[in-house]
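J.: What follows is the residue order along each chain.
Protein chains: 2
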Amino acid sequence: MTHNQKSADVSFESLLKIFTIPEGPDSTLTQIEAELSHNLNQFLREHIVAEEKPLTEIERDFSDPAIPEQPQFVSEHTDHLMNTLVAHSVHTSAPSFIGHMTSALPYFLMPLSKIMIALNQNLVKIETSKAFTPLERQVLGMLHRLIYRQHDGFYQQWMHSASHSLGAFCSGGTIANITALWVARNNTLKATSDFPGIEQAGIGQALAYYGYKGLAILVSERGHYSLKKAADVLGIGQQGLVSIATDEHNRIVIDDLQQKIAELKQQGIKPFAVVGVAGTTETGNIDPLGDIADICHHEQCHFHVDAAWGGATLLSDKYRHLLSGIELADSVTIDAHKQLYIPMGAGMVLFKDPDAMKAVEHHAQYILRHGSKDLGSHTLEGSRSGIAMLLYSSMHIISRPGYGMLIDQGIEKARYFAELIQESTDFELVSEPELCLLTYRYVPENIAATMHKATKEQCLTLNNALNELTQFIQKTQRETGRSFVSRTQLNPARWYHHPTVVFRVVLANPLTSREILQAILQQQREIARLAPQLMANISRIAYSIENSTPMP
Amino acid sequence: MTHNQKSADVSFESLLKIFTIPEGPDSTLTQIEAELSHNLNQFLREHIVAEEKPLTEIERDFSDPAIPEQPQFVSEHTDHLMNTLVAHSVHTSAPSFIGHMTSALPYFLMPLSKIMIALNQNLVKIETSKAFTPLERQVLGMLHRLIYRQHDGFYQQWMHSASHSLGAFCSGGTIANITALWVARNNTLKATSDFPGIEQAGIGQALAYYGYKGLAILVSERGHYSLKKAADVLGIGQQGLVSIATDEHNRIVIDDLQQKIAELKQQGIKPFAVVGVAGTTETGNIDPLGDIADICHHEQCHFHVDAAWGGATLLSDKYRHLLSGIELADSVTIDAHKQLYIPMGAGMVLFKDPDAMKAVEHHAQYILRHGSKDLGSHTLEGSRSGIAMLLYSSMHIISRPGYGMLIDQGIEKARYFAELIQESTDFELVSEPELCLLTYRYVPENIAATMHKATKEQCLTLNNALNELTQFIQKTQRETGRSFVSRTQLNPARWYHHPTVVFRVVLANPLTSREILQAILQQQREIARLAPQLMANISRIAYSIENSTPMP
Chain A
1 MTHNQKSADV
11 SFESLLKIFT
21 IPEGPDSTLT
31 QIEAELSHNL
41 NQFLREHIVA
51 EEKPLTEIER
61 DFSDPAIPEQ
71 PQFVSEHTDH
81 LMNTLVAHSV
91 HTSAPSFIGH
101 MTSALPYFLM
111 PLSKIMIALN
121 QNLVKIETSK
131 AFTPLERQVL
141 GMLHRLIYRQ
151 HDGFYQQWMH
161 SASHSLGAFC
171 SGGTIANITA
181 LWVARNNTLK
191 ATSDFPGIEQ
201 AGIGQALAYY
211 GYKGLAILVS
221 ERGHYSLKKA
231 ADVLGIGQQG
241 LVSIATDEHN
251 RIVIDDLQQK
261 IAELKQQGIK
271 PFAVVGVAGT
281 TETGNIDPLG
291 DIADICHHEQ
301 CHFHVDAAWG
311 GATLLSDKYR
321 HLLSGIELAD
331 SVTIDAHKQL
341 YIPMGAGMVL
351 FKDPDAMKAV
361 EHHAQYILRH
371 GSKDLGSHTL
381 EGSRSGIAML
391 LYSSMHIISR
401 PGYGMLIDQG
411 IEKARYFAEL
421 IQESTDFELV
431 SEPELCLLTY
441 RYVPENIAAT
451 MHKATKEQCL
461 TLNNALNELT
471 QFIQKTQRET
481 GRSFVSRTQL
491 NPARWYHHPT
501 VVFRVVLANP
511 LTSREILQAI
521 LQQQREIARL
531 APQLMANISR
541 IAYSIENSTP
551 MP
Chain B
1 MTHNQKSADV
11 SFESLLKIFT
21 IPEGPDSTLT
31 QIEAELSHNL
41 NQFLREHIVA
51 EEKPLTEIER
61 DFSDPAIPEQ
71 PQFVSEHTDH
81 LMNTLVAHSV
91 HTSAPSFIGH
101 MTSALPYFLM
111 PLSKIMIALN
121 QNLVKIETSK
131 AFTPLERQVL
141 GMLHRLIYRQ
151 HDGFYQQWMH
161 SASHSLGAFC
171 SGGTIANITA
181 LWVARNNTLK
191 ATSDFPGIEQ
201 AGIGQALAYY
211 GYKGLAILVS
221 ERGHYSLKKA
231 ADVLGIGQQG
241 LVSIATDEHN
251 RIVIDDLQQK
261 IAELKQQGIK
271 PFAVVGVAGT
281 TETGNIDPLG
291 DIADICHHEQ
301 CHFHVDAAWG
311 GATLLSDKYR
321 HLLSGIELAD
331 SVTIDAHKQL
341 YIPMGAGMVL
351 FKDPDAMKAV
361 EHHAQYILRH
371 GSKDLGSHTL
381 EGSRSGIAML
391 LYSSMHIISR
401 PGYGMLIDQG
411 IEKARYFAEL
421 IQESTDFELV
431 SEPELCLLTY
441 RYVPENIAAT
451 MHKATKEQCL
461 TLNNALNELT
471 QFIQKTQRET
481 GRSFVSRTQL
491 NPARWYHHPT
501 VVFRVVLANP
511 LTSREILQAI
521 LQQQREIARL
531 APQLMANISR
541 IAYSIENSTP
551 MP
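These protein sequence lines map, in sequence, to chains A and B. Using the working numbering, the first residue of the first sequence is number 1, and each one after it goes up by one. Using the working numbering, the first residue of the second sequence is number 1, and each one after it goes up by one.
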């Protein structure tokens, strides 16, 4: 459709052309590609975060539910995309975009991604992936070794074994967590001589056979929301996802974990998995993994570690120890599209025991036949892309020490930012950085002192007013598009566990400079001044607390 | 890491460089990209299917479980990839690669994929996707309209509604099917005034509350293997996936469906979903969707259509009618990476009722807040790429009539190939093409006549020998790397339902010519001659049948 037609007619010849390799460096497509690369680079250089066009206006450009009846020229369509889509997308790789775990990508991945797209391998089966299959098995081996540090003989034996998998690549941490808990569930309620196993009989019969009233997964109250989906989808129910208290550092309270396990057992409910968090999504903290492992070992319970974000810390000689105990986990989730700097869609789950995934093994007649090395026989997903290739390349081009350095700089930058906040009289550090993530909020000068004097009830009133201000600042900063921090809600002990809205920053982008961090605080101060009513309300509440007069 | 270092030391400056936009057309990366494009195009032009290197040898190149301690230059690594990976990958877009549903891609997607990779949007939330979110909602609207043909007002009301989703993008058909059945399960066992719903209470309690002994999903024996995974993962158990007989055209037998539903109900088991198949994976046939819809309506049962592969037929004016009744489905799976010619990783599930997905809605504090338009509140997956963009572009550049033409040519080519097989005295057409998929096998001349005379027992013996030959031909053809057909096992009524190994071809690539199809048959004849023992065995069995002598 790239050539000479403006009419509604589509010819079969023009269709054949779009499937034919463009010839030489002067082809229309090559020219479009060069221009596109130039324009994209310009966008990435000029735009910070996103343009200030309201979503409702953007939606107008994407409101026609009819599939076009007229073909568009590639060049014309590319222009359309640049104007309607690219110009109003989010510049996730901007150094001032520090709000989420989606960060910058190494530029060498742009050309290398072409290999993935152009070859369009399907990793579900060798017949459509060939060398990509051993490559993916090697990458899984690398991650397994990073976590479990088994000897070389172990990997020689299992990495390429047709009937084993050391783990699975998947679209992201959610599918990885679901896969881990699926395996755990099936191994707990497995087949015996007189029971066909939960995978055949379902939960109802499995509970009856094993004499349990229900199943439970335990995780700290900081566990990722994907675990709620996992409990739902796996048929356990969200009530079976038991929340454990955290301490002032957002880490699971071991005593509470033990008590909850005892309570569940007394109720006839089987606690079949405990999830340790290695890098909580909202505060970046790490559970005491060794202690959880001990309990799981004692209780014969599957120990899963959700290290979707924090797992990459294992690449740092300096901070690897923070995840100590992870090697005792039965399974671990790691997302390559977070701190391994790979494009979106690269999650992984690793299993300590090469036999673990047999609990979810499946076959078919046309693929995944017994004895084949098809990766699809152990994955929740079916067809999958060859994105493992990009991680393989990054491991080689950046190397382990390079990744370590990226991790180190993030953590150290977060410490710097925490100091900057603590030195400021108008900001409050809410959670300290253990990895490269921290939370804080703007608290107008002199208000902090008042908060410490306030009663529990007064504190709630003041906190609610501050929450409104934090929300306003975060939204306004996002909308002005110069920089971006995210926000979440915590319940800090220091503020009587009142709901407290905070800014959340993740400092993974190596180009985020100290100057940018200083500027972000300055912008937030300035935005606060744009809300005189919210500010006045806070002052009024503080005044009434200071003077202990009843509030109107 | 692209510049001047050969030592093990990685400097932070070199790390910064890899995250910095490469300047101008003379940068190292631009040069590498140009060379890579050239080499990839050369590979795609020169290689047919794959090189003849045994998998065990390829595995040797991917056997080191250690993450490299030394960084590699991008150029050096690219060469390494070309030699070890690309040279031994599968040329899925070759016109003679007709074995699977992974086919050619339009070349305009190569430059456009850059936008997806470089912007690295995360569709789970607006904050990391902005305009990509309305775009994805529009694409879902387009597919919804293609299936359900609602009026414009419907799409105006629901397409961009914050609290609704017309469906979900996901990594592929498996997740799409799981999502549909998850929604169906949760809507069947939903919350009431005195029950919190299955999503909270789990299957055990839900069955007890509703008074069911179990749950069942019904699908024809040709249903995709992902449904077994779905039944397992959703806690229903694979025994709850009830298989319904098919007729001689591989379509579900409606009487058997009705009977099985009645039996289940008598056993106290709730048949909560029936899956109609619109394009079976192994034979490409379409169930009588309207009839299934009637039964589901009568039984108040969720009607899901797995149109992962066949759904694209709706784009053809000429063949759209083959899927008649699909508009009555409660949900439909369509894979864009199959007959919509999009790179791997683009599945979709659509729901007729904009409220259906409320059954799986979820929220979190830091994203997916109530009232947000974050797509992640209705998806099984969390972080997701902006691949919807590529489908949006293809819809615009190819247009609806263009897609229709691609579908038409596939179906008509399959009919041609079927005729070619039927005209040959040494090939047997096992399943006729309804869409662009058919199965057949090589049956040496004169053997066909013998088979028709054989008793059931004799036929089994002969069939087993033919199965060995079919396997040999398929494997050898794959290994010689000139062309590729896949194989599966069917149980045709005509051969007493004996297991029958067949070649399976999918004719989606518009560049697959009639000459190529003729050549593929000729190659298969020639390969058969390379197995004189198998051929002699078949002759011997045929001889003993013809002469009715007992076989040794």
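By construction, these hints were calculated from the structure, which means they are not laboratory data. Do not rely on the hints blindly, as some may be mistaken.
A pair holds if it fits inside one copy or across any two, identical chains being indistinguishable in the list.
[Stated by the list, open to error] Straight line, CA to CA, 25 Å or less: simulated SDA-like cross-link-like pairs of lysine to any residue:
#1 352 x 69
#2 456 x 446
#3 114 x 93
#4 228 x 373
#5 114 x 87
#6 213 x 194
#7 475 x 521
#8 53 x 162
#9 318 x 530
#10 17 x 461
#11 373 x 457
#12 352 x 293
#13 228 x 423
#14 358 x 372
#15 228 x 195
#16 373 x 416
#17 228 x 372
#18 114 x 157
J.: Hint by hint, say whether it matches the structure.
T.: Going through the hints against the structure:
{"no.": "1", "hint": "352 x 69", "in the structure": "between (53 Å within a copy, 23 Å between copies)"}
{"no.": "2", "hint": "456 x 446", "in the structure": "within (19 Å within a copy, 94 Å between copies)"}
{"no.": "3", "hint": "114 x 93", "in the structure": "both (20 Å within a copy, 15 Å between copies)"}
{"no.": "4", "hint": "228 x 373", "in the structure": "between (33 Å within a copy, 20 Å between copies)"}
{"no.": "5", "hint": "114 x 87", "in the structure": "both (23 Å within a copy, 15 Å between copies)"}
{"no.": "6", "hint": "213 x 194", "in the structure": "both (20 Å within a copy, 19 Å between copies)"}
{"no.": "7", "hint": "475 x 521", "in the structure": "within (15 Å within a copy, 64 Å between copies)"}
{"no.": "8", "hint": "53 x 162", "in the structure": "between (53 Å within a copy, 18 Å between copies)"}
{"no.": "9", "hint": "318 x 530", "in the structure": "neither (43 Å within a copy, 61 Å between copies)"}
{"no.": "10", "hint": "17 x 461", "in the structure": "neither (67 Å within a copy, 49 Å between copies)"}
{"no.": "11", "hint": "373 x 457", "in the structure": "neither (63 Å within a copy, 34 Å between copies)"}
{"no.": "12", "hint": "352 x 293", "in the structure": "within (13 Å within a copy, 46 Å between copies)"}
{"no.": "13", "hint": "228 x 423", "in the structure": "neither (38 Å within a copy, 58 Å between copies)"}
{"no.": "14", "hint": "358 x 372", "in the structure": "within (14 Å within a copy, 40 Å between copies)"}
{"no.": "15", "hint": "228 x 195", "in the structure": "between (29 Å within a copy, 18 Å between copies)"}
{"no.": "16", "hint": "373 x 416", "in the structure": "neither (48 Å within a copy, 34 Å between copies)"}
{"no.": "17", "hint": "228 x 372", "in the structure": "between (35 Å within a copy, 19 Å between copies)"}
{"no.": "18", "hint": "114 x 157", "in the structure": "neither (33 Å within a copy, 39 Å between copies)"}
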